[in-house]
Amino acid sequence: MPPKLLIFPLGGTGLEALDCLGKQYEFIGFIDDAPHKQGRHPQGFEVFSRAALARYPEAQVLAVQGSPLNFRQRASVIQSLAIPPERFATVIHPNAHISRYARLGYNTLIMAGVSISIGASLGNHLCVLPNSVIHHDVGIGDYCIVGALVVIAGHTQVGKNCFIGSGSRLMHNIRVGEQVLVGLGSNVLSSVDSGLSVVGNPARPLGSTAPSTQEGNE
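Residue numbers (this note's numbering): 6 to 223.
Derived from the structure by calculation, the hints contain no laboratory data. Glycine included, every Cβ here is placed at the ideal spot set by N, Cα and C. Each hint should be verified, as a subset may be incorrect.
SDA-like mimics (lysine to any residue), calculated; alpha carbons at most 20 Å apart, straight line [said to hold, decoys possible]: (1) 28 / 54; (2) 42 / 28; (3) 42 / 32; (4) 9 / 40; (5) 165 / 152; (6) 42 / 27; (7) 9 / 87; (8) 9 / 24; (9) 165 / 178; (10) 165 / 59; (11) 9 / 41; (12) 42 / 54; (13) 9 / 136.
Just the calculated beta-carbon pair ranges, DEER-fashion [said to hold, decoys possible]: (14) 206 / 55: 36 to 46 Å; (15) 84 / 105: 48 to 58 Å; (16) 47 / 27: 34 to 44 Å; (17) 105 / 6: 42 to 52 Å; (18) 154 / 75: 44 to 54 Å.
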(Lines of atoms letter the chains of each structure in order from A; the text may use other names.)
(Lines give C-alpha, C1' and ligand atoms only; values in the text may rest on other atoms or scores of the structure.)
Protein backbone atom coordinates (compact mmCIF):
# COMPACT_ATOMS: atom_id res chain seq x y z
CA MET A 6 0.00 0.00 0.00
CA PRO A 7 1.22 3.54 -0.68
CA PRO A 8 2.16 5.67 2.32
CA LYS A 9 -0.49 7.88 3.86
CA LEU A 10 -0.20 11.63 3.30
CA LEU A 11 -1.35 14.73 5.16
CA ILE A 12 -1.09 18.16 3.49
CA PHE A 13 -0.55 21.36 5.51
CA PRO A 14 -2.30 23.80 5.29
CA LEU A 15 -5.62 23.95 3.41
CA GLY A 16 -5.02 26.65 0.80
CA GLY A 17 -4.54 27.18 -2.90
CA THR A 18 -1.18 25.45 -3.18
CA GLY A 19 -2.36 22.56 -1.01
CA LEU A 20 -5.44 22.03 -3.15
CA GLU A 21 -3.34 22.09 -6.33
CA ALA A 22 -1.01 19.54 -4.74
CA LEU A 23 -3.86 17.03 -4.78
CA ASP A 24 -3.64 16.87 -8.57
CA CYS A 25 0.06 16.01 -8.32
CA LEU A 26 -0.29 12.91 -6.17
CA GLY A 27 -1.03 10.21 -8.71
CA LYS A 28 -0.92 6.82 -6.99
CA GLN A 29 2.24 7.40 -4.97
CA TYR A 30 0.36 8.38 -1.80
CA GLU A 31 -2.90 7.65 -0.01
CA PHE A 32 -4.25 11.12 0.79
CA ILE A 33 -6.07 11.15 4.14
CA GLY A 34 -6.71 14.87 4.62
CA PHE A 35 -5.44 18.37 5.28
CA ILE A 36 -4.13 19.91 8.47
CA ASP A 37 -5.07 23.52 9.14
CA ASP A 38 -4.79 25.75 12.20
CA ALA A 39 -8.00 27.69 11.47
CA PRO A 40 -10.92 26.09 13.37
CA HIS A 41 -13.47 27.32 10.80
CA LYS A 42 -11.72 25.27 8.09
CA GLN A 43 -11.67 22.04 10.08
CA GLY A 44 -14.16 19.25 9.49
CA ARG A 45 -15.59 17.86 6.29
CA HIS A 46 -14.66 19.92 3.22
CA PRO A 47 -17.36 20.42 0.53
CA GLN A 48 -15.20 18.41 -1.88
CA GLY A 49 -15.34 15.42 0.45
CA PHE A 50 -11.99 15.30 2.23
CA GLU A 51 -11.24 15.84 5.91
CA VAL A 52 -9.52 18.88 7.40
CA PHE A 53 -7.87 18.16 10.75
CA SER A 54 -6.17 20.16 13.47
CA ARG A 55 -2.51 19.47 14.24
CA ALA A 56 -3.68 16.64 16.48
CA ALA A 57 -3.72 14.55 13.29
CA LEU A 58 0.09 14.48 13.38
CA ALA A 59 -0.12 12.28 16.48
CA ARG A 60 -3.29 10.47 15.40
CA TYR A 61 -1.63 9.29 12.17
CA PRO A 62 2.01 8.79 13.18
CA GLU A 63 2.66 6.69 10.08
CA ALA A 64 1.51 9.45 7.70
CA GLN A 65 3.98 11.59 5.80
CA VAL A 66 3.46 15.34 5.61
CA LEU A 67 3.65 17.78 2.70
CA ALA A 68 3.90 21.33 4.08
CA VAL A 69 3.20 23.94 1.41
CA GLN A 70 2.49 27.09 3.43
CA GLY A 71 3.48 30.43 1.90
CA SER A 72 2.32 33.34 -0.25
CA PRO A 73 3.82 36.65 -1.40
CA LEU A 74 2.42 38.18 1.80
CA ASN A 75 3.85 35.74 4.34
CA PHE A 76 6.64 33.76 2.66
CA ARG A 77 9.27 35.18 5.01
CA GLN A 78 7.55 33.31 7.87
CA ARG A 79 7.52 30.04 5.90
CA ALA A 80 10.50 28.53 7.70
CA SER A 81 9.18 29.21 11.20
CA VAL A 82 5.70 27.93 10.35
CA ILE A 83 6.98 24.66 8.90
CA GLN A 84 9.44 24.18 11.76
CA SER A 85 6.56 24.62 14.22
CA LEU A 86 5.14 21.28 13.01
CA ALA A 87 7.99 19.73 15.02
CA ILE A 88 8.34 16.56 12.95
CA PRO A 89 11.59 14.87 11.86
CA PRO A 90 12.93 15.33 8.31
CA GLU A 91 12.20 11.73 7.37
CA ARG A 92 8.49 12.31 7.92
CA PHE A 93 8.25 14.95 5.20
CA ALA A 94 7.04 13.87 1.76
CA THR A 95 8.29 14.80 -1.70
CA VAL A 96 5.56 14.99 -4.35
CA ILE A 97 6.37 15.13 -8.07
CA HIS A 98 3.65 15.39 -10.72
CA PRO A 99 3.91 12.52 -13.24
CA ASN A 100 4.25 15.05 -16.08
CA ALA A 101 7.24 16.87 -14.57
CA HIS A 102 10.70 16.22 -16.01
CA ILE A 103 13.50 15.88 -13.46
CA SER A 104 17.02 15.17 -14.69
CA ARG A 105 18.60 12.08 -13.19
CA TYR A 106 21.52 14.37 -12.36
CA ALA A 107 19.44 16.91 -10.43
CA ARG A 108 19.05 16.91 -6.66
CA LEU A 109 15.78 17.46 -4.80
CA GLY A 110 15.43 17.87 -1.05
CA TYR A 111 12.62 16.68 1.20
CA ASN A 112 9.21 18.34 1.58
CA THR A 113 9.34 19.37 -2.07
CA LEU A 114 6.33 19.82 -4.35
CA ILE A 115 6.94 19.76 -8.11
CA MET A 116 3.85 20.50 -10.21
CA ALA A 117 2.89 19.57 -13.78
CA GLY A 118 5.10 20.62 -16.67
CA VAL A 119 8.09 21.60 -14.54
CA SER A 120 11.51 20.91 -16.05
CA ILE A 121 14.57 20.64 -13.81
CA SER A 122 17.82 20.22 -15.71
CA ILE A 123 21.17 18.54 -15.18
CA GLY A 124 23.18 19.69 -12.18
CA ALA A 125 20.36 21.66 -10.59
CA SER A 126 20.20 21.43 -6.80
CA LEU A 127 17.00 22.22 -4.91
CA GLY A 128 16.95 22.44 -1.14
CA ASN A 129 14.33 21.29 1.34
CA HIS A 130 10.80 22.67 1.76
CA LEU A 131 10.35 23.91 -1.82
CA CYS A 132 7.31 24.42 -4.04
CA VAL A 133 7.71 24.73 -7.82
CA LEU A 134 4.47 25.62 -9.58
CA PRO A 135 3.39 24.48 -13.07
CA ASN A 136 5.47 24.85 -16.23
CA SER A 137 8.54 26.44 -14.67
CA VAL A 138 12.02 25.71 -16.05
CA ILE A 139 15.08 25.41 -13.82
CA HIS A 140 18.15 25.18 -16.02
CA HIS A 141 21.52 23.48 -15.56
CA ASP A 142 23.53 24.03 -12.39
CA VAL A 143 20.94 26.28 -10.74
CA GLY A 144 20.85 26.21 -6.95
CA ILE A 145 17.74 27.05 -4.93
CA GLY A 146 17.88 27.30 -1.14
CA ASP A 147 15.53 25.88 1.48
CA TYR A 148 12.00 27.22 1.98
CA CYS A 149 11.66 28.84 -1.45
CA ILE A 150 8.53 29.11 -3.58
CA VAL A 151 8.89 29.27 -7.37
CA GLY A 152 5.73 30.42 -9.14
CA ALA A 153 4.29 29.17 -12.43
CA LEU A 154 6.00 29.82 -15.79
CA VAL A 155 9.25 30.93 -14.17
CA VAL A 156 12.57 30.50 -16.00
CA ILE A 157 15.80 30.41 -14.00
CA ALA A 158 18.81 30.33 -16.31
CA GLY A 159 21.99 28.32 -15.83
CA HIS A 160 24.29 28.69 -12.82
CA THR A 161 22.01 31.17 -11.05
CA GLN A 162 21.88 30.75 -7.27
CA VAL A 163 18.77 31.61 -5.24
CA GLY A 164 19.12 31.95 -1.48
CA LYS A 165 16.86 30.60 1.24
CA ASN A 166 13.28 31.63 1.83
CA CYS A 167 12.65 33.48 -1.44
CA PHE A 168 9.43 33.93 -3.41
CA ILE A 169 9.93 33.96 -7.19
CA GLY A 170 6.73 35.33 -8.69
CA SER A 171 4.94 33.65 -11.58
CA GLY A 172 6.10 34.56 -15.07
CA SER A 173 9.43 35.97 -13.94
CA ARG A 174 12.78 35.35 -15.63
CA LEU A 175 16.15 35.19 -13.88
CA MET A 176 19.29 35.74 -15.95
CA HIS A 177 22.12 33.20 -15.95
CA ASN A 178 24.96 33.31 -13.44
CA ILE A 179 23.47 35.80 -10.98
CA ARG A 180 22.90 35.51 -7.23
CA VAL A 181 19.68 36.20 -5.41
CA GLY A 182 20.05 36.65 -1.67
CA GLU A 183 17.84 35.28 1.09
CA GLN A 184 14.25 36.36 1.73
CA VAL A 185 13.91 38.07 -1.65
CA LEU A 186 10.57 38.69 -3.36
CA VAL A 187 10.65 38.74 -7.18
CA GLY A 188 7.42 40.28 -8.39
CA LEU A 189 5.05 38.83 -10.96
CA GLY A 190 6.47 38.86 -14.50
CA SER A 191 9.77 40.51 -13.57
CA ASN A 192 12.99 40.13 -15.56
CA VAL A 193 15.93 39.86 -13.16
CA LEU A 194 19.12 40.78 -15.05
CA SER A 195 21.50 41.29 -12.13
CA SER A 196 22.18 39.98 -8.66
CA VAL A 197 19.79 40.89 -5.82
CA ASP A 198 20.74 41.56 -2.20
CA SER A 199 19.02 39.73 0.65
CA GLY A 200 15.72 41.07 1.94
CA LEU A 201 14.79 43.08 -1.14
CA SER A 202 11.58 43.04 -3.17
CA VAL A 203 12.25 43.58 -6.88
CA VAL A 204 9.77 44.18 -9.69
CA GLY A 205 9.66 45.18 -13.33
CA ASN A 206 11.66 44.86 -16.56
CA PRO A 207 14.46 45.11 -15.75
CA ALA A 208 13.73 44.28 -12.14
CA ARG A 209 14.38 47.09 -9.66
CA PRO A 210 14.03 47.24 -5.89
CA LEU A 211 10.68 48.67 -4.84
CA GLY A 212 11.05 52.41 -4.43
CA SER A 213 14.11 52.54 -6.70
CA THR A 214 14.40 53.84 -10.27
CA ALA A 215 17.68 52.15 -11.16
CA PRO A 216 18.52 48.44 -11.44
CA SER A 217 21.73 47.03 -10.04
CA THR A 218 24.75 47.48 -12.32
CA GLN A 219 26.14 44.05 -11.46
CA GLU A 220 25.86 41.76 -14.48
CA GLY A 221 25.78 37.99 -14.72
CA ASN A 222 27.95 35.97 -17.11
CA GLU A 223 27.86 32.29 -18.05
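Quiz item: Can you name, in rising order, the numbers of the hints this structure does not satisfy?
Solution: Those not satisfied are hints 1, 2, 4, 6, 10, 11, 13, 15, 16, 17, 18.
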